[in-house]
Every structure is written in C-alpha cells, then in structure tokens.
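Under the working numbering, the residues of the sequence shown are numbered 288 to 523, in order.
Where hints are given, some of them may not hold.
[As the list claims (entries may be wrong)] Calculated lysine-lysine pairs in the DSS-like style (CA-CA distance at most 27 angstroms, straight line): (1) K295 / K329; (2) K375 / K484; (3) K458 / K295; (4) K420 / K375; (5) K454 / K442; (6) K458 / K484; (7) K488 / K473; (8) K420 / K295; (9) K442 / K503.
Since the hints were derived computationally from the structure, they do not count as laboratory data.
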Amino acid sequence: MTTKTSSKATFTAPTLEFMRELVENNNREWFHANRPRYDAAKAELIGVVERVLTGLSPFEPLANTAVKDCIFRINRDIRFSKDKAPYKSNLAFAIGPGGRQSGRIDYYVHIQPGNQSFLGAGMWQPTPANLAKFRQEIDYNVQELKDIIEAPEFKAYFPEASGEVMKTSPKGYSADHPEIDLLRRKELFFLHRYTDKEVLKPGFADEVVRGCRIIKPYCDLLNYLFFDEKEESVTL
C-alpha cells in the first residue's frame, strides 16, 4: 500500500463550513477566491483516507493503492447535465484494490454537511449478467447472504438498504417464491449515516474502518459472485 499515515487524520468544523458555503456559492469565482479553504479541506480528506487505508490493511488486500486514486474530484461533469453548477456539494472517496476505479465492489464514503455523510457498499447499478448471478444465488443458496445481512451486528450498523426494487416479479421467478422480496431487488446497497458531530470526532476514520469490517463479508460475497467465481472454476 503506497501511503504513509498523516499526523492529522480528522475533519474539522471549517471543512464542513466551507462545504456549506460552497452549496450557496457554487461558482468558479467564489471557489477560486476561497481556494485556500478548499486546499485545507482536501488536506484533511487526504489524512482521513490515509488513516482508513492503514486501518483496512490487516484484513483487506490493498497493495499499491494510493490515496490520490481513492479520492473523487470535487469538479462535476456538467457536459450532459442541465445543472451547470461546477462543483459537488460533498467530499468523497472509494476504497478498493487500486482505488476508486477498481471495478469491484468497494467501500464508498461520502462527506456532506447537514448530517448527510455516510459509508455505503454493496450492489449498485449491476450489469444484467451480475444481477442474474445475484438472483441465481438467492434462488439456490440464499442462506449465505441472509447469514451476513441479517446478523445482529450488520443490521445494527447498516439498518438502511437502498436501491431500485421491481414492482413485479423478475422473469423466471414466480410471485410466490419464498425470497421474492430479495429477487425483486435490482440494487442492494447498504448505508450507515453519520451526523456532523460524528464526522468531526477525532476517531472518525477508525469508525469508518469498523464499518468496513462489518460490511466486508457482503462485499466479499458479491465480488466472488461477480468476478471471482469464474476464475476459481477455471483454476480448479
């Protein structure tokens, strides 16, 4: 893992205040006039990501994962958007092998004032092939998934499941299937929300690591279904 631990792995109130003001002044002139404030906020973000990477290293294979590859740019892609505001209203990073573009199920952290920060992970906008694999797993071996997402520690930390759900039954599955609620899901992404007060605590990065450890078995199951199962069968 190509990183070193920062001496200041925490967010401070001025960072959240900058983000609040950015929402009200989302234009290039204001942003450039307040560039030092953004630089200070980004420095704190880098410190938090470094700490999270260090905390994950004992149980997550993240060799050669650089901090800069985990952080999302604050600039919005406005080429095809009606909203021409140039900047995002949040700071964010995603951690997977190699960073935010690992292509695998990873850990996503979203920092936004107004108690809108969260840690999230899971199945989000899957390909049709991966969604079919997920449904097949539910049909053939749902207990492994249930043992993970219905475990008391998991449910306590990730009480909120988000994502699109079909109103009808997916093709090939009857409406009276015992697991029809899971089968109707086109996405299954779990969230743990943080208050602004929690984000500003000195141990916030360690709390994120704790959440990642809890949701890791679910991420591992999805990564196995979507990416590793074929590789393993070929190896065998």
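How the hints compare with the structure:
1. For the proposed pair K295 and K329, the alpha carbon gap of about 12 angstroms is at most 27 angstroms, so the pair holds.
2. Taking the CA atoms of K375 and K484, the gap is near 21 angstroms; set against the 27 angstroms cutoff, the hint holds.
3. A threshold of 27 angstroms between alpha carbons decides the hint, and for K458 with K295 the separation of about 52 angstroms lies outside it, so the pair is violated.
4. Simply put, K420 and K375 have alpha-carbon atoms about 34 angstroms apart, too far for the 27 angstroms limit, and the pair is violated.
5. A C-alpha spacing of about 24 angstroms is found between K454 and K442, which places the hinted pair at or below 27 angstroms, so the restraint holds.
6. Distance check on the hinted pair: K458 and K484 sit about 45 angstroms apart at the alpha-carbon level, beyond 27 angstroms; violated.
7. Restraint check for K488 and K473: not satisfied, since their Cα atoms lie roughly 35 angstroms apart, outside the 27 angstroms limit.
8. Distance hint between K420 and K295 is unfulfilled; the C-alpha atoms sit about 42 angstroms from each other, more than 27 angstroms.
9. Simply put, K442 and K503 have alpha-carbon atoms about 13 angstroms apart, close enough for the 27 angstroms limit, and the pair holds.
In the structure shown, a violation is registered for the earlier hints numbered 3, 4, 6, 7, 8, in ascending order.
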